[in-house]
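Residue numbers (the numbering used here), protein chains in the order written: chain S, 1 to 627; chain Z, 628 to 729; chain B, 730 to 898.
Be careful, since some hints might not be right.
Selected chain S positions facing chain B (in silico; Cβ < 7 Å) [unchecked claim]:
#1 L600
#2 P601
#3 V622
If you are wondering where the hints come from, they were derived from the structure by calculation, not from laboratory data. Just so it is clear, CB atoms sit at the ideal spot from N, CA and C, and this is done for glycine as well.
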Amino acid sequence: MIRYAWLVPLFPALAFPVIAFITRRLRTLSALVGIGAIAASFVLSLGILWETLTSGVTMEKPVEYALSWLALPGAKDWVLKIEAGVLVDPLSAVMLLVVTLVALLVEIYSVGYMHGDPGFSVFFGYLSLFSASMLGLVLANNFFMMFFFWELVGLCSYLLIGFYFHKPEAARASLKAFVVNRVADFGFMLGFFYLFLMFKTFNFRELAEALPHAPHMGLLAVAATLIFAGPIGKSAQFPLHVWLPDAMEGPTPVSALIHAATMVAAGVYLLARAFVLFASIPEVSLLVAYVGGFTALFAATIALTQRDIKRILAYSTMSQLGYMIMAMGVGSMTAGMFHLTTHAIFKALLFLGAGSVIHALHEQDIFRMGGLAKDMKVTTATFVLGALALAGIPPLAGFWSKDEILLAAYSNGYTGLYILGTVVAFLTSFYMFRLIFVAFFGRRRAGLHGHESPKCMTVPLIILATLTVVAGFIGAPFVPHGFSSWVYFGEPHHLEPNYFVMVTSTLVAILGIYLAWLIYGKEVISAEALAQRWRSIHTVLYNKYYIDEAYLWFFRRVVLGLAEAFHWHDRHVVDGIFDGVGDTVRWSGYRLRYLHSGSLPVYALVFFAAVVVFVLWVATPVIGGIR
Amino acid sequence: MITLNHYLMLGGVLFVIGLFGALAKKNAIAVLMGIELMLNAVNINLAAFNRFLNPDKVVGLVFAIFVIVVAAVEVAVGLAIVINLYRQRLNTSVDEADWLKW
Amino acid sequence: MGSTLTLVAFWILFVLVVASALAVVLLRNIVHSALYLVLSFVGVAGIYILLEAEFLAAVQILVYVGAVSVLLIFGVMLTRRGNIRQSNLFNAFSLAAGVVSLALCVLIILALARTPASLPLGSWPVDTVGALAEAFLGPFVVPFEVAAILLLVGIVGAILIAREVKEDK
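Same shape as in the complex, but just chain S (with noise of 0.2 Å):
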């Protein structure tokens, strides 16, 4: 099975032309084309994953098998080397499962969801593309690869954000991505290519094997920083998180898929596969845990106060993804990869769930809504299943994986990204139950009843939510060979289950739940009051710090000014250099025409002349030079 990883993503990456080119009119097949693609996929991932667990390939024994895509010889006895190649691990095994299974959810789903869209088979097709892309960046065996996969999601981002592009907002959503990811992807780039000035290689394993040999620590930190560029603006990190709320533009299923469960993991998944070269700098680490940690309570904070039920689950994706990064950042790849796989699910789950209820109302405000609950029952049971997990109430899948984040910074001794963590989970239960009593619990605000989805759409829903349930005991502290036997860095280790730590998180979780039942359920404490007691911060809050209008201040005054400073230097003095350089040829040229008479005297004239003056040099040592 693990020698035809390479089929894995090129099923979608055939679907995708197929769909473009074959059956763009024909959108029943359009939608079979992409889902039988990506089903195929999935089987052949669980067969990976299958095999790799039990035929003893382990993360220091990965199966690695690599075309030559470049070989050019260079300055003295390096050459520059690029591979096409493909490596399996545990990590990229467990990651591929959990990028097939949601892609494959979220087909299902779309096929109700987009129901009599005018782009249905194109949407397939940008999907198919995003899955190839995807797994291409997971099965990437070196950097410049991961790379060119890595732009190739983006380009899917930019696609599928803007996939409504007659409404100005999805546009301008769709461009603001692409720009904050091209900052990020700038700084990735040059990362890795000053990775390999110092060590000749793209190759993972390689770059793993020089790294302790590197020539100079402070150049590596300068690199890992740059590197760590990348994630920063794919994971929607502070301070280029900007795009992700933004990103809500596109279609519901998109946002599941690509900016909640997969692409936006990638930038995790780039930090577990370059996990040694952050391990190794112990200062890079510690700002990667810090960015994760301050994004984790920066978009928690936001979310108390948005209205847009996408918009709270998109700075939930947010804050989760900085979950991550703080995992490993306090050095535990571990707890980030096993919350990134349940959060997939029940964040996939969530935005499911949420493209439910839109697709019934057409209506994303949650105070316009209310009283779902009786009309959307499968829902209703599933989303709140999802929101219980996202809380992390025990056993769903969230709590054993976010437990483990906290029991990592815990007892790797950073209690204070400890106590940020259990803070951010009190705000991630509130903001999730404030969303689920006001929008399926409260009143009928705005009079709108919504309908139960299709079955394609709430089979996906129900899957996802087993999945929910039982996915988090696959790394629970008490289940032997569990996934942090699978997935680690260095040795495995497995910790010990912390009390303490599991009966805090809960603890505020459930006094998140329950102040948000006092606040929106029950309405004994008034949320308007609260508001208007605490004005300037809601304010502040709902207005997201602000940081769009800085940023919008900042492009408008500093860009553009130094922009419009360019435009003058290259007006005036490049472009007066090169008019310079042509109106003096022109000038020389009116005047030396004259030269040019045609006249046989003036000719001759001036070939005589030459004459003396060469005979005046040849003749110069007998007639002993001009004295």
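Position chains Z and B relative to chain S; hints supplied.
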């Protein structure tokens, strides 16, 4: 005592006079005359060098005769061109001969 | 021939050649110029005799005095237009031409004056005509034939160029 330098002096002066004629005259036939004078000056030099530097062989004289042959041909062709020029423009002034710029 | 006599003859010929050449260049009447050109050619022939190159002198008289001069006079005749007294004027660049020529003259005289010239006269064949004949039909036979072809081509070319072209309308 007559020396090589005497003849070379004559050749040089004759050449310069011919050059001046070829450069400064307006009439194309006068230009040809100047060229003939220059060729004669060269022939004097050839003969003188032959006589003084390498008297065993008559190579210089052979050269001079070739020059005379070429000069004769040149005058014939040159005059033909001048006559053609005259037909086209009804004068033989080299001042007007500015066709080289086309 | 005594060396003094040779010297005297040389200077006479020198004055003759240079004076008539100057006349060719400076006179304003093209016919007069052509006649002085003949005189100059004759003087050069005398120089060849002084150099003991009698055959060359004969060729000079035949070709230059006989043929070239006549050709030039024919040319004058065929292209004559306007006042003959003003037929041989200087062009617009005579001053520059004078400067260039004078510079070259000064250079040549300077170079000659600074060159030691005490070269003795070597043995010279009594029969230069025979020596020339052997040279032309011996080592120089190919150039000799090529010169013959050149003459032919020159004549044909001259006829072609000078031929009157019928206006074809």
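Hint-by-hint comparison with the structure:
| no. | hint | in the structure |
| --- | --- | --- |
| 1 | L600 | violated, 9 Å |
| 2 | P601 | holds, 5 Å |
| 3 | V622 | holds, 5 Å |
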